[in-house]
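Chains as they are written, first to last, in this note's numbering: chain Y, 1 to 236; chain R, 1001 to 1293.
Honestly, the hints are just simulated from the structure, not real lab data. Heads up, some of the hints might be wrong.
Facing chain R, from chain Y, some residues (calculated, C-beta under 7 Å) [said to hold, decoys possible]:
1) Ile26
2) Ile66
3) Arg68
4) Leu69
5) Ala71
6) Gly87
7) Phe89
8) Tyr103
9) Ser106
10) Glu109
Glycine included, each C-beta is placed from N, C-alpha and C at the ideal position.
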Amino acid sequence: MSLLTIEGLQAGYGERSVLHDIDLAISERKIQVVLGANGAGKTTLLRAISGTTTRSGTIMFDGKRIDRLSARKVVASGVAHVPQGRGTFADLTVDENIRLGAYLRSSAEARQDRERWLTYFPRLQERLSQQAGSLSGGEQQMLAIARALMLRPRLLLLDEPSLGLAPIITQSLFKTLAAIREETGMTMLIVEQSANLALEVADSGVVLESGRIVLRDSAQNLAGNDEVRRIYLGYE
Amino acid sequence: MTLFANQLIDGLADGAIYASLALALVFSYRSTGIVNFAQGEMAMLSAYVTWQLMAWGLPLIPAALISIVLSFIAGALLYASIVKPLSHASLLTVVSVLIGLYLALNSLAGFLWTYTIKALPSLFPKAHLQLGSFSVSAETAGIIAVVGVVLLLLYLLFETTKVGLAMRGAASTPDSAVLVGVSVPVMLLIGWGIAAALGALSGILVAPKVFLNPTMMFGVIIYAFAAATLGGFDSVVGAVVGGLLVGIVENLVGTYIPWIGPDLKIIVALVLIFGTLLIKPDGLFGRKKVVRL
Chain Y
1 MSLLTIEGLQ AGYGERSVLH DIDLAISERK IQVVLGANGA GKTTLLRAIS
51 GTTTRSGTIM FDGKRIDRLS ARKVVASGVA HVPQGRGTFA DLTVDENIRL
101 GAYLRSSAEA RQDRERWLTY FPRLQERLSQ QAGSLSGGEQ QMLAIARALM
151 LRPRLLLLDE PSLGLAPIIT QSLFKTLAAI REETGMTMLI VEQSANLALE
201 VADSGVVLES GRIVLRDSAQ NLAGNDEVRR IYLGYE
Chain R
1001 MTLFANQLID GLADGAIYAS LALALVFSYR STGIVNFAQG EMAMLSAYVT
1051 WQLMAWGLPL IPAALISIVL SFIAGALLYA SIVKPLSHAS LLTVVSVLIG
1101 LYLALNSLAG FLWTYTIKAL PSLFPKAHLQ LGSFSVSAET AGIIAVVGVV
1151 LLLLYLLFET TKVGLAMRGA ASTPDSAVLV GVSVPVMLLI GWGIAAALGA
1201 LSGILVAPKV FLNPTMMFGV IIYAFAAATL GGFDSVVGAV VGGLLVGIVE
1251 NLVGTYIPWI GPDLKIIVAL VLIFGTLLIK PDGLFGRKKV VRL
């Protein structure tokens, strides 16, 4: 049973259409990666799901249509979106960012979860009272993910988590994501340019080109696919 | 020495009034990036509403409280009806509209209540508190106390409650606030409401000192602008410190520099605005945003 099913999705910004006729399904507890060049529509796909851009078509999440819901309602239904560039609250402290992530939940639950996620991100624990804007890129990414997890989402959308990070930090970030999936069974849709690391943790993937899905396969097959290797993994 | 101490205390009381109006400016600025030029005129209308409620037979304190609540609602309505629809308009458009609102509210007050001055009684008794060698009027002490309590309540709202945190988040990064489920327009609505309520408080506190008339906030808003500029337009602490400093400096200069005196002391505000913009444009507590990529 798919947790998220997308059929005939069109999306864009105002008059400009970016995505054309996208069909996509993600099963529960799976990690799917979306590969594609700059401008292929990867970010737009995530924004269409989370309701932060105009879209048409059918998006079913957990058996309910969410394509007509406002972004807030989509969030409330259990979809957390970590936007590109992380979108942390730069003026607020790390702790306040995390607490604000649990805005829609009871304080008692939030306190429990806060402890739990901080064990995944010990660096944040050390910087709880620091302003989020002063964190390093990797720490901000951790904070953005921790904040999204505070919603206790069933689906986590991650937009280029590796952007601007050193390879070694990206590696540990993906390890953490894999561990979180192991423990919580959270479903994830990850947009990435850093394809090899993403494919290592993913179950399946799709390749977007000019707003259309041109390839879909298991992560293993994609990592072995000559064309994908040439274009996205840097092998000649 | 007693003169100096008295001027200092009086300065603090004036400063507390400027601080509450400066805070109103800072709240609307922080939440929407808009300087509400009509803030002072809204405060003036709030003072008139208090007067009107008293004329209809209400005692002063209930009249003032009702006026503050009505002002909160008016501020929220202003956001919903004018500011939000203009959120994508150019800065010049917004400034023009707010200056238009300034003139409209000013004329509205003149139309409804005429330009003849009226007396709004002080919230505090005419007594004096004797503290050793110098005495403080109950009004001065009362203003400082009331504004102090209001500041404490605001601090508790923003630092300890979920709504307060959400309001700060919505003001800081609205796109992300949506993604954690915060309704940004509702938070901004509350922010503009609080701003108008703070303005109302300043209007009601200052009216007994300057008499009720449609231009009564002209001087006060200039001092409030000086306070917000000095403190930093995006800083809540700055608005309070700026307000108190402006109040004290204004009183001391008016007393000790004879050629300035009470008549010219509004120049102090203008010099402060000019000096701050020249030397430290972000103000004492305003900060340049630190963003790492």
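Going through the hints against the structure:
1. Because the smallest distance between the Cβ of Ile26 (chain Y) and any Cβ of chain R comes to about 19 Å, over 7 Å, the interface hint for this residue is violated.
2. The criterion of a C-beta within 7 Å of any C-beta in chain R is not met by Ile66 (chain Y), whose closest approach is roughly 14 Å, and the hint is violated.
3. Restraint check, Arg68 (chain Y) versus chain R: the minimum CB separation of about 16 Å is more than 7 Å; hint violated.
4. Of the supplied interface hints, the one on Leu69 (chain Y) is violated, with its beta-carbon coming no nearer than about 12 Å to a beta-carbon of chain R, more than 7 Å.
5. The restraint placing Ala71 (chain Y) at the interface with chain R holds, with a minimum CB-CB distance near 5 Å, inside the 7 Å limit.
6. Hint status for Gly87 (chain Y): holds, given a least beta-carbon distance of 4 Å to chain R, under 7 Å.
7. At about 5 Å, the closest approach between the beta carbon of Phe89 (chain Y) and any beta carbon in chain R falls short of 7 Å, and the interface hint on this residue holds.
8. A hinted interface residue such as Tyr103 (chain Y) counts as satisfied when its beta carbon comes closer than 7 Å to some beta carbon of chain R; here the least separation is about 5 Å, so the hint holds.
9. Taken as an interface hint, Ser106 (chain Y) does not check out: its beta carbon lies about 10 Å from the nearest beta carbon of chain R, beyond 7 Å.
10. Taken as an interface hint, Glu109 (chain Y) does not check out: its beta carbon lies about 13 Å from the nearest beta carbon of chain R, beyond 7 Å.
Consistency note: the structure conflicts with the earlier hints numbered 1, 2, 3, 4, 9, 10.
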